[in-house]
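Protein chains: 2
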Amino acid sequence: MPDKSNPNKTANPWTVLSTQPIYQNRWIRVVEHDVLNPAGKPGIYGVVHMQHIATGVLPIDADGCTTLVGQYRFPLGVYSWEIPEGGGALDEDPLEAVQRELAEETGLMARRWHPLLRMHLSNSVTDEVAHCFLAWDLEQGIAEPEETEDLQVRRVPFREAYDMAMRGDITDAMAVASLMKARLLALDGKLPKDVTALILK
Amino acid sequence: MPDKSNPNKTANPWTVLSTQPIYQNRWIRVVEHDVLNPAGKPGIYGVVHMQHIATGVLPIDADGCTTLVGQYRFPLGVYSWEIPEGGGALDEDPLEAVQRELAEETGLMARRWHPLLRMHLSNSVTDEVAHCFLAWDLEQGIAEPEETEDLQVRRVPFREAYDMAMRGDITDAMAVASLMKARLLALDGKLPKDVTALILK
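Read top to bottom, the protein sequences are chains L and C. Numbers 5 to 205, taken from our numbering, label the letters of the first sequence in order. Numbers 5 to 205, taken from our numbering, label the letters of the second sequence in order.
Don't read these hints as lab results, they were simulated from the structure. Please note that a few of the clues may not be correct.
In this list, chains with the same sequence are indistinguishable; a pair is considered to hold if it fits within one copy or across any two.
[Unchecked claim] Subject to a maximum C-alpha distance of 20 angstroms in a straight line, what follows is the list of computed EDC-like cross-link-like pairs (lysine to aspartate or glutamate):
1) K205 - D65
2) K45 - E150
3) K13 - D65
4) K205 - D167
5) K205 - D192
6) K13 - E96
7) K205 - E164
8) K197 - D67
9) K205 - D141
10) K45 - D154
11) K13 - D154
12) K45 - E96
Make a model of the complete structure from these sequences and hints.
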């Protein structure tokens with residue numbers, strides 16, 4: 005892939021003339037590039053570099069229930085129900101990061117893991133990469149959320165969470181995509197039989 | 005939804021003490037807030053406000069083919085195959101914006117439209133909202149891409165594009181989610197019969 009495309013057409017058509025750092029905190033780094041655009045004309049490109057990878061996990065328990073996390077999303081000003089999500093260091097193994105986040109937010113540990121998704125969330129402005137996993141064969145421990153997180157945790161049947169995503173009551177891209185992909189992989193026979201049965205229950 | 009949650013828990017737990025504008029261009033506006041976090045402790049929150057809505061469209065032609073658009077994504081430094089995507093004014097009807105973008109990038113006009121997705125792409129840092137649509141009953145016109153866009157356009161069977169998304173050859177969140185949701189709506193019998201037959205072909 006993409007076999008039918010012209011390999012010369014996939015090269016970088018932008019020329020960077022200069023780069024100014026604009027802003028940096030623990031989570032983002034904003035830079036502005038003076039560029040020549042693909043037509044060769046001068047312009048600017050402001051890029052938001054993420055200081056972490058984004059991680060998410062869809063846990064499925066022995067009853068076929070998943071665990072949703074609710075929190076107020078400050079940038080949007082909305083309350084959002086999602087799968088457990090967090091961040092990892094840019095050079096960290098995404099699976100280790102997501103195992104830590106799952107334990108912190110929900111107290112859950114999982115013996116079985118399956119990669120679900122690697123996505124670019126907002127590729128016209130940011131370089132954010134999301135890694136999402138399916139987790140099952142769970143054991144319940146004690147949650148230890150960070151103090152910046154005012155979370156609600158809710159156990160619901162997978163099908164109920166899937167329906168929430170399909171009708172737009174869950175709007176977070178990582179959660180929506182993870183719920184849809186889990187069902188599709190189950191329907192397509194691409195997951196182990198035990199978790200397939202729990203997802204399609 | 006969410007009926008089981010405590011309504012008091014869905015209120016904004018952050019206190020904004022002051023706000024500094026950091027940076028602005030045609031596409032983004034970065035601000036830094038001095039805040040008290042949900043635990044009442046002082047901190048900062050840098051937010052990237054988008055100056056446009058994000059729009060995407062999954063066109064399906066009479067042969068059951070969709071049209072993918074390839075472009076170099078500058079913030080990531082990768083070449084990316086996606087559904088036709090663009091932006092609209094924050095107060096613009098997303099459907100009008102996406103109809104214009106589809107015509108510009110591919111020359112396609114559609115007589116039938118169905119809303120696919122409304123998602124928040126990166127809700128820990130940005131307020132970006134994406135609106136994606138399914139379009140069919142197509143007519144081919146002449147594409148007129150913007151000069152900042154160095155695009156390749158490729159017609160492929162829906163199933164091939166879906167498989168690319170499922171195996172990770174398409175990584176853009178709006179494209180991945182749209183391809184998955186179109187198939188799920190078709191499998192679940194939630195779309196008109198004509199386009200269902202084309203998607204499941």
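Verification of the supplied hints:
| no. | hint | in the structure |
| --- | --- | --- |
| 1 | K205 - D65 | within (12 angstroms within a copy, 35 angstroms between copies) |
| 2 | K45 - E150 | between (47 angstroms within a copy, 12 angstroms between copies) |
| 3 | K13 - D65 | neither (46 angstroms within a copy, 25 angstroms between copies) |
| 4 | K205 - D167 | within (13 angstroms within a copy, 25 angstroms between copies) |
| 5 | K205 - D192 | both (15 angstroms within a copy, 15 angstroms between copies) |
| 6 | K13 - E96 | neither (32 angstroms within a copy, 32 angstroms between copies) |
| 7 | K205 - E164 | within (11 angstroms within a copy, 28 angstroms between copies) |
| 8 | K197 - D67 | within (15 angstroms within a copy, 35 angstroms between copies) |
| 9 | K205 - D141 | within (16 angstroms within a copy, 36 angstroms between copies) |
| 10 | K45 - D154 | between (47 angstroms within a copy, 13 angstroms between copies) |
| 11 | K13 - D154 | between (47 angstroms within a copy, 8 angstroms between copies) |
| 12 | K45 - E96 | neither (39 angstroms within a copy, 28 angstroms between copies) |
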